[in-house]
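Read top to bottom, the protein sequences are chains H and B.
Just so it is clear: in the first sequence, position 151 is 151 by my numbering, and no numbers are missing.
Just so it is clear: in the second sequence, position 513 is 513 by my numbering, and no numbers are missing.
If you are wondering where the hints come from, they were derived from the structure by calculation, not from laboratory data.
Do not rely on the hints blindly, as some may be mistaken.
What the hints assert, rightly or not - Partial selection, computed: residues in chain H whose CB lies under 8 Å from chain B:
(1) Tyr17
(2) Asp40
(3) Glu144
(4) Lys148
(5) Ile150
As the list claims (entries may be wrong) - Calculated Cβ distances over 10 Å to all of chain H for the following chain B residues:
(6) Thr217
(7) Arg458
(8) Glu630
Glycine included, C-beta positions come from ideal geometry on N, C-alpha and C.
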Amino acid sequence: MFSEANEKKLDEIITHYPVKRSAVLPALYIAQEEHGHVTDDDVRYIANRLDMRVNEVEEVVTFYTMYSRKPVGKYKLQVCRTLSCWLQGAEQIAEQIEHKIGCGVGETSKDGKFTLMEVECLGYCDLAPCLQVNFDYHEKVTPESVDKLIDGLKTK
Amino acid sequence: MLRVTINFKTHEFPEGWTILEAARSLGLDLPTLCHDDRLRPCGSCRLCLVNVKGLSHPATACNTQLAGGMVIETHAPELENTRRLLLREMIDEYPAEPVRNFPEKPFHRWLIHYGLTNECSGTATPALADDTHPYIHVDMSQCITCYQCVRVCEDLQGQFVWQAMFRGARTHIFPDSPPGARESLRDSSCVSCGACVDVCPTGALEDKSLIERGAPTEWTRTTCPYCGVGCEMNVGVREQRIVTIRPALDAPVSKGHLCVKGRYAFDFVYAADRATSPMIRAPEGWKSVSWDEAIAFTAEKLAQIVERDGADSVGLLGSARATNEENYLTQKFARVALGTNNVDCCARVCHAPTAAAMKAILGTGAATNSFDDIEQARTILVCGCNPTENHPIVGARIKQAARRGAKLIVSDPRRIELAEYADLHLPLRPGTNALLLNALASAIVEEGLFDEQFVGERVGEWEDFKEFIRAYAPEQIAGLCGVEAKLIREAARLYATAKPALSVHGLGMTEHSQGTEGVMCLVNLALLTGNIGKPGAGVNPLRGQNNVQGSAHMGCEPGNLTGFVSIADGKERFESAWRAVLPASRGLNLMEMMDAAEQGKLKALWAIGYDILLTNANAHRTRQALRNLELVIVQDMFLNETAREFGTVFLPAASSFEKDGTFMNAERRVQRVRKVIEPIGGARADWEIICEIARAMGKGEHFAFRSAEEIWNEVRTVWPVGRGISYDRIENAGLQWPCPSEDHPGTTLLHAREFPTGKRAALRRIDYSATPEVLSNEFPLLLITGRKLYQFNAGTMTMRTRNAELYPTDCLDISLHDAERLGVADGEWVRLCSRYGEAVLPVRITSQVKPGELFATFHTTEAFLNNLTSPFRDQYVATPEYKVTAVRLEKIQPLPMSGNRE
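Please work from the sequences and hints to get the whole structure.
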């Protein structure tokens, strides 16, 4: 179950599509926005709302890296690890972030603020290396700029 | 035909073929890992890439159609390099051991072919290694994500168990599971059909029995020993032991699919308590004897009784589990060796009403169409049957038809699985089939939806019927049958207008006090709407057992001879064919035999492959009847309940894996049964036993058969409609009767131009009569009995396999509403009491049944559910009313079984 406002939003989104199930991606965003991650109940609920099977929803959730099935930090730091970014030093960026927030890839910092992830190509090869923080892109990042960025987020 | 050049030679191929089909027809071994003939080609593994002149890139052979003038090269060096490269990508983490142990697996075969076996060195922890399922071993370290399991589960079985999680190189295949739970096949929605195992090219999914017993060394094709669908299968044997069963890919009925029973439930053959020696009851208990002694004893006893009390003091029961040949001999024995028409079979307790109703109206007591009509129907009416559990291959085909857009109407008190796929579910009150079907007919007539031309040309009694049916307007009937009038009208419109409309029905139609008449009402509907004699239309009973159609049709019927010819019509012809004088009067049917035994008139009963004590309704009366008998001959694979309590002689029978013969399926198809292994211990085929006893009684001249085929050839001489069906002709695929001559192709569709009885079939005016079994304050709940997927009828076979782990005890399904009202919890053991007896079993809370109604299975001797069922019977053919019993539910304290049940 979502909040009344989000329920309304989902009702409205469903009308955009010829078949209900097409609304699964926005529905999952709503779930994630409301609960911080996609919970077991969300998967069941969305399947029920959109006439889908539970495992179909589960397949979608696990396919896209921007959905989380486990609790995550307030900020999801997603380092692109595909070729261009890797050539431009993505590994050092990831290491710097690990050092800075005190946890490894796939983990969440103790203060619950940050989750570090490695993701496939974000489509910013010309501005590599690239880091995505929640929905925002940060291009041509360096260990120094990442430091500053995280410091800024810590105080937010 | 298309002219196509493949590897520098030009050939002709039929239009519509793919490159892969063409290449394979030439014997070219093109590798594929995602292709299976049962699936739509998807071209994802890329191993079947071929060069096509004029295309800039190689094309996938599996999903590229041939075009005239194509020039194709299949094994060019660069293609072979690509294949090697692709395979190398797949073995990054692949273990070496399975390649060594199971080199015949398709993936391993290609690794060996391309010289890549040394590069398999994976030891990675599999994403899933799961041995929770009793039959299926799962080790995903061997998964190459070909998706065949996912696709076959969706597009053949329609179960959607396998799911692909994550993406790219990290894609993993898991069985479905509740969100957050640990994945296990045992706890998933898997129905254990084994299709995924069958398509898996690597052995990531494999039959446990095959791993434990080793790969088969020989394969024999035969017909499934369970339900009446008649699936064909290949039985894999190693050292005289069945190690695995796989679906026959080109089988006309099952088309490369099987259910859990046919696929996996074969180990009853080797059960520790398989009775393999003849036995005679002595005062101190059963005594093993030689076959000679058992035969002599049986023959002598039978002769004595016939001599003393007349032939009509003996009754014979043929077996729906035995072959046509054996059932033919059973009734011939009764009529020729003994001189009585007291011969029947278990059709009496299942589809005798269907046979009678359809014979009476249409002239033939069998399905009007073939299972292939399921795919041609625009509307399918599922009436009182639960195909996804009881006829799973037909169930899967109906599910797929519904997924493709066929309209589905389900008339069933329970919300069965197909109801979830249905456009309309009519949840009628049990016992009101005639009411509901009349209401449908009434709406069709009133709204002018009947087929005027068909009614004018092919239907009789129309004017009278039109008047009669007015009284059954949906609005009048709704309250009585429990289905809203609006729903009835919608169903009538759908059935009458979205044509062709096909009906399938089961024991929910027949096992009622008004069973025969209920089926007549269903036939009326087909006649009114012209849904008969056309592809995709018709009335089709789903027969319960592998050969129940055959056993009655071969003449295990007190009033009919072989071919369902009445005694009056056929006596003379059979007397000259059999060179014997036949009894003229109709014999006793099974229920009448029980009555006669109770009254002391029947003295002896020979029951072949049939546990009447456990399966007859109202077990208390069955017990009284059997107790009165002087001689009870039980011929079975196991010491069943009838034998255990009342048997005088026990004759151990071979299973259908241990003999030759034929079965007749629900669509009138005669198919071969082949000996796969030698009989276990001293067991003998039923037909051999019958011949021996006949010989011992001095009737050997009529039973001088040396093989099943010899018997079948005699059947053909007395059954004109089946004369054209020879063993030679059904070597590869069965034939459907009528098939009167050797050049006749068999008949897929009955009544296309006329009925055997003439041009017209007459509508029957059937008034509803309520069952005498009524609810009361003392017995306020209505119990329906039936089966579940994992068990088969008396459980004689399935309970002796690992199916017992999948459905260990009979269960009582109850609605949440009733469970709360009565204060019973899920899994709690309760006592059910009817006016006739009691049964103790655990409850399962489900939304499938309505408040006020219960459903229980009858598979086990522990629950012995027929202690509860009533003495009421169909008025025409005496089929007991298994489907309606008034009961009361009682809590039990303390629980009958200790343990961790809550």
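Name the hints, by number, that the structure is in violation of. 1, 3, 4, 5
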